[in-house]
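Enquirer: Protein chains in written order, with this note's numbering: chain P, 330 to 465; chain E, 330 to 465; chain S, 330 to 465; chain H, 330 to 465.
Rather than coming from a laboratory, the hints here were simulated on the basis of the structure. Keep in mind that a hint or two might mislead.
Same chains, same names: a pair is fine if it fits in one copy or spans any two.
With a straight-line cut-off of 20 Å between C-alpha atoms, the simulated EDC-like cross-links for lysine to aspartate or glutamate are [what the hints assert, rightly or not]:
#, residue 1, residue 2
1, K453, E426
2, K435, D450
3, K453, D383
4, K435, E361
5, K453, D336
6, K453, E332
7, K435, D336
8, K404, D383
9, K453, E361
10, K404, E426
11, K435, E354
12, K404, D450
13, K404, E374
14, K435, D360
15, K404, E354
16, K435, E380
17, K435, E332
18, K435, E374
19, K453, E374
20, K404, E380
The structure displayed is predicted, hence computed values, not measured ones.
4 protein chains.
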Amino acid sequence: MTESTFDFIRNNMAGTPFHQWLLPELVAVSDEESSVTVRLVIRPELGNSAERTDLHGGIVAALIDIAGHAAAAAKVRHSVPTIDMRVDYLRPANGTEIIAVATVVKLGRTISLVDTRLTNDQNKLVAVGRASYVTG
Amino acid sequence: MTESTFDFIRNNMAGTPFHQWLLPELVAVSDEESSVTVRLVIRPELGNSAERTDLHGGIVAALIDIAGHAAAAAKVRHSVPTIDMRVDYLRPANGTEIIAVATVVKLGRTISLVDTRLTNDQNKLVAVGRASYVTG
Amino acid sequence: MTESTFDFIRNNMAGTPFHQWLLPELVAVSDEESSVTVRLVIRPELGNSAERTDLHGGIVAALIDIAGHAAAAAKVRHSVPTIDMRVDYLRPANGTEIIAVATVVKLGRTISLVDTRLTNDQNKLVAVGRASYVTG
Amino acid sequence: MTESTFDFIRNNMAGTPFHQWLLPELVAVSDEESSVTVRLVIRPELGNSAERTDLHGGIVAALIDIAGHAAAAAKVRHSVPTIDMRVDYLRPANGTEIIAVATVVKLGRTISLVDTRLTNDQNKLVAVGRASYVTG
């Protein structure tokens with residue numbers, strides 16, 4: 330039986346040692362929209378400060394990389410190296426969880442571009458990312 | 330007695346919950362060169378794969394954010410919000426440790442720019458980052 | 330009588346010496362969508378090659394800067410300095426004209442972020458841009 | 330007789346219609362340093378304002394694209410498509426001329442990264458750029 334794209338990405342994410350600590354959770358894969366949705370539950374050890382629940386900027390960047398990679402990998406059914414990534418921090422990423430939606434903007438023969446939007450549990454945009462991957 | 334800039338940055342880094350897991354180590358602060366040096370020892374749980382020691386791309390991005398923040402904070406003696414960051418992945422970040430050297434390119438009244446270079450234990454450049462911070 | 334936002338942006342664009350050669354044309358300003366639309370007619374002297382109509386990559390970047398600036402300036406009613414800009418080139422920008430739609434992603438007290446999409450006369454996406462501006 | 334790299338880049342730049350208006354001038358090519366130097370004389374029609382000599386941000390971006398392309402093309406001896414570019418604006422780019430020095434940071438089999446620094450006639454850094462090119 331053929332593995333679904335959802336299962337392929339979930340397994341791809343689960344096999345990564347860093348993810349076993351970070352615990353990003355694959356929520357959805359949409360082939361029509363070329364997008365994936367990843368949830369990250371906020372825990373104190375992901376934080377920037379002992380006083381607040383704000384995610385560390387490096388964790389925000391990591392989540393953008395993870396969701397972007399998943400969106401590109403879902404299209405080509407294999408892991409893809411990241412060429413480069415831009416992250417824009419818009420608001421503190423706090424609350425109970427962060428939802429990342431990554432969408433393939435251009436699926437190229439060699440290089441693909443993915444946009445990622447991170448929202449908090451109030452559905453406010455907290456960060457956006459844009460990354461290119463070698464998909465050829 | 331006045332706290333040295335090195336101690337200020339070391340304490341600033343130590344107080345961050347995420348760092349207590351990641352364990353970035355402040356090696357040097359140079360006021361003349363407007364730079365800081367941060368070492369990250371590679372551990373399996375920071376990895377991208379169970380088979381290799383390659384750091385996860387999100388950890389590479391986090392290290393760039395941490396070193397860049399330290400370089401900017403060393404100039405103004407307080408924490409500074411990241412506006413945005415670009416990361417370029419050049420080679421797998423593997424071996425025993427990664428050294429990040431972050432240098433303030435422009436210290437502005439409102440906004441500052443920092444460049445960061447990551448090298449492996451063979452002194453090969455594995456990634457570069459560029460980030461802007463609110464320093465005003 | 331109050332000058333409309335459309336007229337303010339049109340006049341702001343018209344007063345720029347470089348624009349008098351490039352000839353970007355303001356098509357629309359939408360306050361609800363926080364967006365502006367700018368058209369650029371492709372001329373041979375904007376090109377990358379004598380053989381094709383492809384816009385030069387520098388002209389693509391300039392159009393992204395112009396449309397992004399207009400979207401941010403429309404919100405605050407004054408010119409705004411660009412902090413930084415990312416441009417991703419997706420396809421050759423050729424045909425008869427390029428349409429740029431720039432949308433404010435976040436209007437901040439100090440810093441704002443704008444996304445810009447460039448499409449050709451076949452409505453194909455040729456480039457995307459993301460830029461931050463000092464709006465405070 | 331073999332065409333020198335300097336002559337190859339100079340001819341490559343001269344054949345571009347947009348350059349015949351912009352007039353970027355190739356000053357030097359260094360194979361050892363993997364760098365090229367390009368001069369742009371500031372003229373009123375490149376400006377952002379009728380009152381000052383500040384270069385338009387789009388012209389700054391174009392110069393970064395041109396110098397970056399030249400540095401990458403000098404290594405592989407053919408034109409190379411730009412994947413993406415980041416531009417950081419540090420100071421107004423004014424005075425009599427701007428000097429762009431572009432250096433290849435990583436020459437990859439498929440993708441290469443180039444850093445570009447722009448200085449004014451007082452040798453002050455006015456902008457930096459970072460762009461990736463398909464060199465494979």
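Enquirer: Would you pick out the hints that fail for this structure and give their numbers low to high?
Expert: Numbers 5, 6, 7, 8, 10, 11, 12, 13, 16, 17, 18, 19, 20, in rising order.
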